[in-house]
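Peer 1: Listed below, chain by chain, are the residues.
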Amino acid sequence: MIGTLLAGKGIFFLTLLLLGIGMAGIIVCENYMKKLICMNIMQVAVIFFFLCLGQKNGGTIPVALDSVINAADYINPLPHGLMLTAIVVSLGTTGVGLALLYRIKDRYGSIEERDIIRRGKDKQ
Amino acid sequence: MRKAIGIILICAALILPFVFFDVLPAIGDPASAPNSHVSDYYIEHTESIANSPNMVTAVIVDFRAFDTLLETTVMFLAGVCVMIILAGVFKTDKRIIEPRSKKMKKHKKGEPVFRGINKDVTITVLQPIILVYAIYVLFHGEVSLGGGFQAGALIGTVLLLDAMAIPDKRNFPDITKGTSAMVAGIGTFIYALAGILTLVGGGFFLEYEKFPWSVAAAEQHSIGILMVEIGVTLGVAGTIVTIMNAILEKVKFDK
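Going line by line, the protein sequences match chains A and B.
Residue numbers for the first sequence follow the numbering used here, beginning at 1 and rising by one.
Residue numbers for the second sequence follow the numbering used here, beginning at 1001 and rising by one.
Honestly, the hints are just simulated from the structure, not real lab data.
Note that the Cβ used here is the ideal one computed from N, Cα and C, for glycine as well.
Possibly wrong hints are sitting among the right ones.
[As the list claims (entries may be wrong)] Stretch-level coverage of chain A by chain B, calculated; a stretch enters the list once three of its residues show a Cβ under 8 angstroms from a Cβ in chain B:
id: 1; segment: 4 to 18
id: 2; segment: 25 to 31
id: 3; segment: 34 to 41
Okay, chain A solo, but in the shape it has when bound:
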């Protein structure tokens, strides 16, 4: 009973645990660099979730072979295609985030949230 349950839907718990860790990290961490890392963890969780949906029992990789004709024998190529572009775009968003961190460090001298709030109050 529990074996089939875990085999069928157990992976969703792990992906959602990853998503929860990422979201909790964004809220709890006070260092902006750590927040960026947690954002990446969240993206990975979403990518895993989509890749899980494309899986088929006994399916082969989505490259057409002459010997395999039935569509049920290939795993679903659609989530792979979507997540491939999502991975590359996440690289771009991470780059923009790092550039913004650079600017914050240059303006406030720190990327700790407490220091930034304190200095923002001092300047007023």
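Given chain A's structure and the hints, the job is docking chain B onto it.
Peer 2: Coordinates of chain B only, in the frame set by chain A:
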């Protein structure tokens, strides 16, 4: 307080599968909703319509070419955005990064030390191999596993390795961030050009059968896919190098 919110969020995320337990499809079920509707059409028609045995490539650059066009544009815009954010004069002298070898303490005699890898030689040997693999992945991506995004990431990796492993010694000519952003823009333009050429031939945007030269429809799909993949490769590699250059420009390595 904040920690409590974090723990509550993790618990909520763990409870969510129980709430939606009937809605979530079982993993590996060929008849589940994500595996049944449009993906069967993609699997059955990739070879007959797109002339590309690799279904992922066919889905990305043929059936869903619009998505990929805009995603390449997003990459290009991200590179330009990083360049603009980091443009301007600010104090670079304060931000000196010491190479790691200086910080590490001398090890005692007899202890195993993993500093024996010769970076000069290893990287020089590795780079051409990665480049050859990138070209293979690019031109073979339509037939077997691979594609434009992977090839672009590999080429970007080579240049990144070159710039970051040994800052003093460069195997490749120094590419400025302006040049690399231009390369990314050219890549995005090549992608759009494929669409414009099909418009010239009298078809819809990115309808590969209507290229203005007369070859068989299957070959026209191959030409279109290859053209788009070259564009994507240039776009991704250019963006990675742009982000790297824009950030490295503000860092001063201590000799």
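Peer 1: Given as covered by chain B, does the segment 34 to 41 of chain A meet the bar of three residues or more with CB within less than 8 angstroms?
Peer 2: Not satisfied, violated; 0 residues make the cut.
Peer 1: Count residues of the segment 4 to 18 of chain A with a Cβ under 8 angstroms from any Cβ of chain B, then say if the count reaches three.
Peer 2: Our answer is that it holds, as 8 residues pass the Cβ test (under 8 angstroms) against chain B, meeting three.
Peer 1: Counting residues of the segment 25 to 31 of chain A with a beta carbon closer than 8 angstroms to any beta carbon of chain B, are there 3 or more?
Peer 2: holds (count 3)
When the structure is compared with the earlier hints, a violation turns up for hint 3 alone.
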